[in-house]
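Protein chains: 2
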Amino acid sequence: MIKIVAKMYVRPECVDAFKSQAKELVEKSAAEAGNVSYSLNQSRSEPGVLAFIEFWKDQDAIDTHNASEHFTRILPILGGMCSKAPEIELFDEV
Amino acid sequence: MIKIVAKMYVRPECVDAFKSQAKELVEKSAAEAGNVSYSLNQSRSEPGVLAFIEFWKDQDAIDTHNASEHFTRILPILGGMCSKAPEIELFDEV
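Protein sequence lines, in the order shown, are assigned to chains A and B. Residue 55 in my numbering sits at position 55 of the first sequence, with consecutive numbering throughout. Residue 57 in my numbering sits at position 57 of the second sequence, with consecutive numbering throughout.
Be a bit skeptical, because a hint or two may be false.
[Claimed, not checked] Keeping only pairs whose Cα atoms sit at most 30 Å apart, straight-line, the calculated DSBU-like set for lysine-lysine is:
1. Lys23/B with Lys7/A
2. Lys28/A with Lys19/B
3. Lys57/B with Lys19/A
4. Lys7/A with Lys57/A
5. Lys28/B with Lys57/A
6. Lys19/A with Lys84/B
7. Lys7/A with Lys19/B
8. Lys28/B with Lys84/B
9. Lys23/B with Lys7/B
[Stated by the list, open to error] Rough simulated footprint, nothing fancy, chain B against chain A, three-plus residues with beta-carbon under 8 Å:
10. 41 to 52
11. 59 to 66
No lab work stands behind these hints, which were simulated from the structure alone. Backbone N, C-alpha and C define an ideal beta-carbon position, used for all residues, glycine too.
Please construct the entire structure, taking both the sequences and the accompanying hints into account.
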């Protein structure tokens with residue numbers, strides 16, 4: 001399984017709107033055949049850090065997700081609410 | 001739900017031993033009543049970074065885990081294989 005932790009640095013005035021806009025992305029991504037778990041999470045120490053924590057069956061599942069209508073449409077909207085580029089880390093489950 | 005991403009910076013010569021020692025911790029933590037998901041994961045960009053990705057029902061579940069025999073016994077062994085302190089982030093699912 002491949003895990004992704006994608007940390008987004010959201011401007012303080014945009015946190016509520018970010019959460020709202022992300023709902024559709026979370027629901028549609030979690031419904032993809034290759035997805036195991038997909039959620040949005042808020043850092044306790046830095047409330048402006050919103051992290052997508054994603055579990056995928058394999059690389060094909062990630063490629064399909066990255067090309068999906070919901071991802072390519074909603075991610076730029078979320079990116080527009082951020083103060084800097086996201087930090088994206090990929091992990092292989094041991 | 002509360003999520004923890006705990007990144008451990010493992011010395012190169014200890015990565016295999018770390019994975020081996022962590023197995024019991026993963027199995028026993030995943031079997032705790034308050035755990036939803038518990039796994040060890042290896043960074044693709046930095047293979048010396050081993051991350052525990054943990055989903056817990058609530059704070060009581062984390063407190064019970066932190067006091068458990070397997071956690072208090074095995075974590076110091078794993079810490080001894082690291083080159084610096086871990087980075088531990090807590091998140092609340094949105």
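Tested hints:
As the CA atoms of Lys23/B and Lys7/A are separated by approximately 27 Å, the hinted pair is consistent with the 30 Å bound. Of the supplied pair hints, the one linking Lys28/A and Lys19/B is violated, its CA atoms being roughly 34 Å apart against a limit of 30 Å. Distance restraint check for Lys57/B and Lys19/A: the Cα-Cα separation of roughly 21 Å lies within the 30 Å cut-off, and the hinted pair is therefore satisfied. Straight-line distance between C-alpha atoms of Lys7/A and Lys57/A comes to about 21 Å, which keeps the hinted pair within the 30 Å bound.
Restraint check: the Cα-Cα separation between Lys28/B and Lys57/A comes to about 24 Å, which is no more than 30 Å; the hinted pair holds. A distance of roughly 34 Å separates the Cα atoms of Lys19/A and Lys84/B; the hinted pair therefore is violated under the 30 Å criterion. Among the hinted pairs, Lys7/A with Lys19/B is consistent with the structure: their alpha-carbon atoms are about 26 Å apart, no more than 30 Å. With a C-alpha separation of about 25 Å, the suggested pair Lys28/B and Lys84/B falls inside the 30 Å cut-off, and the hint holds.
The suggested pairing of Lys23/B with Lys7/B holds, with an alpha-carbon distance near 16 Å, which does not exceed 30 Å. For the region 41 to 52 of chain A, the proposed coverage by chain B is satisfied: 7 residues have a C-beta within less than 8 Å of a C-beta in that chain, meeting the threshold of three. Counting residues of the region 59 to 66 of chain A whose CB lies closer than 8 Å to any CB of chain B gives 0, which falls below the minimum of 3, so the coverage claim is violated.
The structure shown violates the earlier hints numbered 2, 6 and 11.
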